Amino acid sequence: MDGHGAGIELRDLTKIFRKDWREVVAVESLTFRVEPEEFVCMLGPSGCGKTTVLRMVAGLERPTRGSVFIDQKEVNSPSPEVGMVFQEFALFPWRTVRKNIAFGLEIKKVPPEKISLLTSEYVQLVGLEGFEDAHPKELSGGMKQRVGIARALANDPRVLLMDEPFGSIDAQTRNLMQRELLRIWESARKTVLFVTHSVDEAVFLADRIVVLTARPAKVREVIDVPIPRPRDRTSPEFIGIRVKVLEELQEEFEKTGVLERQAVAKAGSG
Amino acid sequence: MKLLRRLFFSASSIAIFLIIWHILAWLDNQSRPVVIVYPLDVFENLFNSFLEPDFRGFLIQEEIYSSLKRLFFGFVLALAIALPLGLLMGYSSIAMSSTKPIVEILRPIPPLAWVPVFLALFGNSFGPVMIVFIGIFFPVLLGVIFGVRNVPPELVDASKTLGARPMKIFSKVIFPSTVPYLMNGIYIGLGVGWMCIVAAEMLGVIGGGLGYRLIESATTGRYDSMYACIIMLGILGFLTTELARISSIKVREWMGMGQE
Ligand SMILES: Nc1ncnc2c1ncn2[C@@H]1O[C@H](COP(=O)(O)OP(=O)(O)O)[C@@H](O)[C@H]1O
Ligand SMILES: [Mg+2]
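As they're listed, the protein sequences go chains D and B.
For the first sequence, counting from 1, position 245 maps to 245 in this note's numbering; every step adds exactly one.
For the second sequence, counting from 1, position 103 maps to 103 in this note's numbering; every step adds exactly one.
Since the hints were made in silico from the structure, they are not lab data.
Accuracy of the hints is not assured; some may be wrong.
[Stated by the list, open to error] Derived lysine-lysine pairs resembling DSS-like cross-links, with alpha carbons at most 25 Å apart:
no., chain 1, residue 1, chain 2, residue 2
1, B, Lys172, D, Lys114
2, D, Lys218, D, Lys19
3, B, Lys172, D, Lys137
Just so you know, these numbers come straight off a predicted model, no measurement behind them.
Excised from the complex, chain B in its bound form (with noise of 0.2 Å):
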């Protein structure tokens, strides 16, 4: 029943959304340039993309592929060096007060500021995967730190009256109760990472993308394409994220820890 109001209400959103979108590219389309185009061709558009090929010989999926496997890396990466790194931070006083003055002055700069260094210093096929790396390594990397500075003092005390010694707390009682920080840290990290892949390959890439596509289509004047991937690339960057938000409830409940 709540459901199905649910998924009532939803439709009819999207509905009026569409109507709208229809109604803005009718009166769009009374004059030249024609910016707005009509929703359905540009379903219509994204539809066919999967079947045929662009006219720089690509299919959608080809871009797609290309764009997921820069967010992959990219957030190995940073999971490979932010997780470490975060936990000693959080740990050791020493890693802290070392490194603390770095993070917080690389931190607030936008990861797309990045772009162009990346590019240079990378260049145009691993320097896209850097961009992905930096948007998630800072929320990852904070997540940890302040999962590792929140963990109950009281756990520590109880682990230690049961014998164990400075590893064994820091892997049986300071990292498990890190993991939920960790996967809040990946759910926003995938989020900013999102955005700066599509950023990155608009600027210059090599191997296509869903952002590439999206500039190209757009500076050749094709719009249905331009929106198709648009479309895609919300679906996608809601896809990820709700897969990460998801697995993150899971992990909680699974180990115990509820919803917060």
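Isolated chain D (complex conformation) (with noise of 0.2 Å):
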């Protein structure tokens, strides 16, 4: 684990999709920077284009306008660089655990002995022992994230996007799947961008949090998180970033209807 972390520059990065006649544009003129090794987390409402900025920064989705720099050098292509974690988990189905966690190393066509001894290490960091040889479909969703999260750190990146990793898991399995990564974090060193829409999970490990607008994605608002961890969600501070983010929030949920207002009060309670 020696992939010290790479900053994120995203310039006036903008993307429009044209579906048949219609154009949507789903970011817009998005600027911010992620310093290395630290951990940003990018909240706002579902389908604002959340997705769509972490492809872009992954290299998966070309920019209409813009630009994204990793270490000041553009993105045009994917690179193992750049470790993704997908909302959808996205696991080979025909791959054992341990496969799955091997992938990128085959493909560096690092030796056998030592693929095994790293996939061994990688289980063991995400909690999988007993498991390796489990194929996608036995495991549950929480279980298939860790081994989303094993393959993205194996492959050792030096930055690591993360689409809503913890969206389809129960709230107990969540708060400790958190709590595991900040300690994978903290020990890996890595640049994190993280994607939630859940206002308690950004304070709870952000350093900074980028709030962004309704469809098209903007920068809101970033607010700071000045709270040393391991973070008490019961203490002021912390109730007092919360609520300030949620306040920022409401508004941009409020711009897409009714139905986001519940989202709002899963996310605010979430």
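Two chains, two frames, some hints: make the complex.
Now the structure itself:
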């Protein structure tokens, strides 16, 4: 684990999808930076363009305008330097847990003995001992997501992009996973750009929170979270920042309609 | 318990079938000419044809061997061409648009329509193999194309973020996720192939075969032998497709991809 974190810079990042006759502006003139080894959460109503932003940072999607820089180098295509944990896991169903984690290492032509050592290490890191030879369909959502995280980490990227990784996990497991992730981040010193629509999650995890507007995604507000870790969700500082973020977000949710207001309630409590 | 019940129902349906067959044979035996032979006579003939050569001097296992050999070579040939072509057509839109019109014109032609062409082109020994080839070729080709087109895009994306370049994406993501569709194509193809081989053998073949034995028995009025061939064809057809079906399921299980 020596791929030290790299800085990310989004400059005037814009994405317009053209579908038939319609144009959907998903992301508009998004500009912000993530410092090396920083943990930044992107928060915004669902459908506002968060996944699209991550995909552009990962090099999976070309910006319509503007660019992404990783350590001052413009992103043009996907690279093993930038790992991604997908919202829907995206595990290879025919590969066992161990083989999923080994995927990037195989591509890098790491010798087999070393692969087996490294995969064991990452299996342990995400607490999946005993499931090394299981296939993804035998795992619960939380376990699948841990494989996704281990797979991305094993490749030793300098930047880790995470797209609502704990969205489909029950609250109990989620809290556990959040603490695990912080532990991993602290020891591996990656730069993390983490997407969520849960205010609580963002305040618990992030050094800084980038609150996005409703579609098209623009930066509405950047909020510092100067609380030392481990954070106590019931402390006054925590609740203070949470309320502040919630207020910012509330107005954006209101733009997206009544249905989304229920999501706010959920995000606020989750 | 469940298995026992299923066995019971299977056994009774076979028994009822044999009884009806026997009654029909009895009715038919009341006047000349007799076309429907008693089931017992047929089974006796089938049993004996493993032990005694028929009027042409052939044991039935020799005919089975000839037919299976044709099926096998046709199958291998079809796989060897349909698999790479299907991968290419599914992957590259240039390959797809340049070959699709030909495939779409050739595909709906019933495989048996090729019988006279192939017998004339390839002769009576290799022609039948080519007919099996055509029968298996299209189901496998379409299965593979469909498989490639159905590769979940997020898996391709995931492999890219892990450093995979086009060749690796192809070998480590696209090909494996195509395998279940390939297996399904093989399963369907073998069923078609089995029909083709019999028809081809009936129309002209060198070196025996069940279809050939069937038509020879029929034209010389040896109806018990004819029915014995039909039963043997049923059993073998069932066994081959069942083998393909089970291996398809096993491969899916082994690949952790469940059933569909
Ligand atoms: N490939 C695409 N083609 C067309 N529209 C898309 C595509 N991907 C996303 N969109 C649209 O862009 C908007 C933002 O999507 P997304 O980035 O997934 O939002 P989020 O992750 O914040 O929920 C949505 O309106 C979505 O329908
Ligand atoms: Mg999303």
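Violations among the numbered hints, reported as their numbers in ascending order
none
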